[in-house]
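Undergrad: Go ahead and model the full structure; you've got the sequences and the hints to work with.
Protein chains in written order, with our numbering: chain A, 42 to 1047; chain B, 556 to 763.
Think of the hints as simulated: they come from the structure by calculation, not from any bench.
With a straight-line Cα cutoff of 25 Å, these simulated DSS-like cross-link-like pairs (lysine-lysine) come out:
1) K728(A) to K752(A)
2) K1024(A) to K730(B)
3) K730(B) to K1019(A)
4) K494(A) to K518(A)
5) K252(A) to K186(A)
6) K961(A) to K520(A)
Quick caveat: nothing in here was measured; it's all calculated off a predicted structure.
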Amino acid sequence: MGTAVRIFLILLAIISSATVAFSLYEDQVGLMDWHQRYIGKVKHAVFHTQKTGRKRVVVSTEENVIASLDLRHGEIFWRHVLGSNDAIDGMDIALGKYVITLSSEGSTLRAWNLPDGQMVWESILHGSKPSKSLLLVPTNLKVDKDSVIFVFAKGCLHAVSSIDGDVLWKKDFATESSEVQQVIQPPDSDVIYVLGFVGSSQFDIYYIKAKDGELLKHRSSTFSGGFVREISVVSSDMVVALDATRTSLVKVTFHDGEISFQPTFISELLETSSGKAVILPSAVTGMVSIKLNFLTIVLRVTDEGKLEVVEKISDATAISDAISLSTGQQAFALVQHEGSKIHVRVKAGHDWNSDLLRESIHLDNQRGIAHKVFINNYIRTDRTHGFRALIVMEDHSLLLLQQGEIVWSREDGLASIIDVTTSELPVEKQGVSVAKVEHNLFEWLKGHMLKLKGTLMLANPEDVVAIQALRLKSSEKSKMTRDHNGFRKLLIVLTRAGKLFALHTGDGRVVWSLLLLSLRQSESCPCPIGINLYQWQIPHQHAMDENPSVLVVGRCGLSSDAPGVVSFVDTYTGKEINSLALVHSIEQVIPLPFTDSTEQRLHLLIDANNHAHLYPKIPEASSIFHREFSNIYYYSVDSDNSIIRGYALKSNCAGEDVDEYCFDTRELWSVVFPVESEKIIATVRRKLNEVVHTQAKVIADQDVMYKYISKNLLFVATVSPKAIGQIGSASPEESWIIVYIIDTVTGRILHRMTHHGSQGPVHAVFSENWVVYHYFNLRAHRYEMSVIEIYDQSRADNKDIWKFVLGKHNLTVPISSYSQPEVVTKSQSYFFSHSVKEIAVTSTAMGITSKQLLIGTSGDQVLALDKRFLDPRRSLNPSQAEKEEGIIPLTDSLPIIPQSYVTHSVKVEGLRSIITVPAKLESTTLLFAHGVDLFFTRLAPSRTYDSLTEDFSYALLLITIVALVAAIYVTWILSERKELREKWRFNSRKKILSAPLLIFCLPNLR
Amino acid sequence: MAPIIRSKPAIALLFVQFCFSVISLALAGSSGSGNGFTINGRVRIPQSIGVSGLGQSGKLSNVKVRLNGGQNVTFLRPDGYFSFHNVPAGTHLIEVDAIGFFFSPVRVDVSARHPGKIQAALTENRRGLAELVLEPLREEQYYEIREPFSIMSIVKSPMGLMVGFMVIVVFLMPKLMENIDPEEMRRAQEEMRNQGVPSLSSLLPRAS
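TA: Below, the structure is given as structure tokens:
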């Protein structure tokens, strides 16, 4: 008996040791989260392949990233994301070991160590006026044994030492009133040529001594035809420019300081059309390329000094800069599209007719056309030249081509996500075979046995590795079907390049991608941009045979009155179902809470003239819409003039060429903030699809507070005009923030509060009946977070039981925005250590689980903070009852617990937005954070109370049950035996003892 | 003589370093040729705490320094120094981003009246800084540490407490029963039989 109990106890002890984890253990990284690193669209690329060591390419991108990529696999060696206003203007490699970047419109010059990315020096260049910024790193020019970098920035030419970043000399051109276009350093010369224009027709050249910046010569000459400020350098004493009408090319030679112009009409060269030409930036000696009416024309300057056309290319083309080969030749690459194929040709600079390399590659047609190409050469084993080409595509992806194939590709379009939505995966259709189940069962058991070994500390290192691999790859999570918990979904993301990607939430892989035709550059739509994604159709009734689809909204041009484009994309197949070029503009899109019989959601598109357009344009939608016509309100925020306006629908549009799906609107109300003292800096409303579970909150003294829950609340923060700038620009006396809570149906201001001595930027999140916002307190010189909770006072009387009995309660009164709400607000403020880029809140399926705030810090981490810390009812000494309710004693600052960083030890560089999506499991919410990097994880704000964690050891449970059964059996046998023995003993005692005692004892033995 | 000569540069270097440390506050702000001042500072991660946390991610090259919440972002030089240029006079905020460490934001006052005079204070604990050397307040551990298998943790857990209780019941209750006088027991049992209500004490001995 005793041994059995002991066995039982040990087993219980083992079970109890497998407790639930609160936050992440290091070996759980990658189990339910993934992190992807990107760089963005490449602007400049410099190869570094001379050394025998690691071959790499250093790139700078439009996301202000500089990165060193492995040439073999395209992985990132190191990467730096510069500040958001620190755009990179130029990049090169100096001394073979430093990467030099020029950024911030030429004011910051930095050197980075090539192998590890450590910043070596930083130099700030001063100047008097903004100008073109140019970076020139000569390879063979020494000044006092020091390699010099020439930077033209802010109207000055600077010579900077490449060793320590000291400015050796500076020559100011601002006084010369010349707009410098190009800086040339002729090979084997210590004179720098600075070329520029004065006014529209004067061409200037300055000869500067490289050693000390002395102006040797200054020549200028006027060309009667005038210039547009574009030049292409042909050789060290010749440039080609365009005249003011863009119809003729002007060859400018400045040999020995003698400037001469030689114009040539483009129409003469081409014998055909006329049009406006544009010089393409390229640096190939003896060549000029221009673009004219979608034709790319390559011209050569002959030995006699004449321009001649060598090739006219009608397809999309990209031309690389020239590189010099070891044989002294120059080579450059030309990428040309033909159908779904691209042709890469590498040509020697002096000889157009022969190609050094000619390759054709079949490309995925979702990548669009080539935008940029960079080449690099290497010596093959047979001593011929081989070339590799780095191509930047229209969708911002990066490809490395070598020997006729794509060595690697990077989907760097994902670094610039504009909007995200989710889609369910298909329902699992066919059954699973028995053999597969058996196999799976075996694998499953094997896996769990391994895990058990790990739990009991019996695993050897190999097993540990196997366990980790098993956990990470788990085929369950990357399946392409729906799961019961709703963890597997598709993230549909729209990138700035106009490409849609579907990412699987399980492992982050790209399921499909689609370059939207409607968001591609075309003649009718020269600069399209995507704006938003909406869920268009979510089939529930026909989930088996109908696919969900999303609505992509974009516009042609940056201004909001540009015509809109919409397109509808099937989320399972990634095919565009339909696309429309709209006649009206798109100012706002309002998804309505109605669906038609095919479960298409009704959307209202508001244009710049305040007309509302209903989509889909079908009669059924119209009839549904007319039923709810009088209940539709919307508002618009004009932050320039500090006005918020509310609108309602009026009638069908009047006028010609309008259909019945267009409606006029009327202005209902407007809130005009005084422009001289308030400026709108933030407006936030509740998420439209948020679910609230409880209307009331029971507080400590058994009292009930009713939350004021309305979907029509808008949080507005205004700031004093002086405090609109950065921290440090205004004194506490002249800066304040005023926050408002406004009902968007009636325009009624429900709450107004002023924070004196505070400054923006304001980041806020609105959920249920509370709003949390973050701002800067200038007096304390710390960041602050405040919470406002809104409670409905009109329903507070309902607590009285007599009113219920007498039927005098107001619960049956419909809640309407037009009834005067009696609201009370409670608020409280706390210090917060970090500056913030974004605040979001967790959302769960039913809204039962307590909420966590997700704070995207400026350090690009995401911190989860319990809403309980931002509770206006916190006090310094909470009563016992309040403590039981879960109220935390008040502290002046919010705690930052390192374990509650949901991004653990990774950064989501350039964080822009945090999106939460509820899973089907109530306890769990899915989190997707994007910036330059992508990060996805699963969160359980109140822990996973409704399911077992993935760490749960089923094998242990099974073994425990088996052991328990065994223990029961053994105990039974033991007790049987004992009973028998006792019986025998009693039998022998029976002779001695009296009968009554036996009667007493026997029932006891049973 | 030779050793003395050789040590001279070292002494000179030490002297220079000493000077720097003394006058670094004065150096911290200097008027640039532009329209503002320059804030120079240094980030130092002490070796003692840097050892465990300075993993793959905590390298000095990945540290960023931010002025006024992202207006300017700069990086550290190999020796840990950083500088912000063209900063107007006024009160500013400097933050340091380093994975694995918690740095307090620093309030920096650039004086307009005394050009180049800079005062710095940590905002977390309002401690003034004599020179702009920023050190982490603490190391940040992002992961829970797996507790090694120990008996105490089992005993403390609810399961352990339950087991403990059961142990008491299983081992101590029979002992308690043994201590009861047989006579008294009999009397109790008699009483119970009279009442006709089965009770726990009458059931328990049966089990053993």
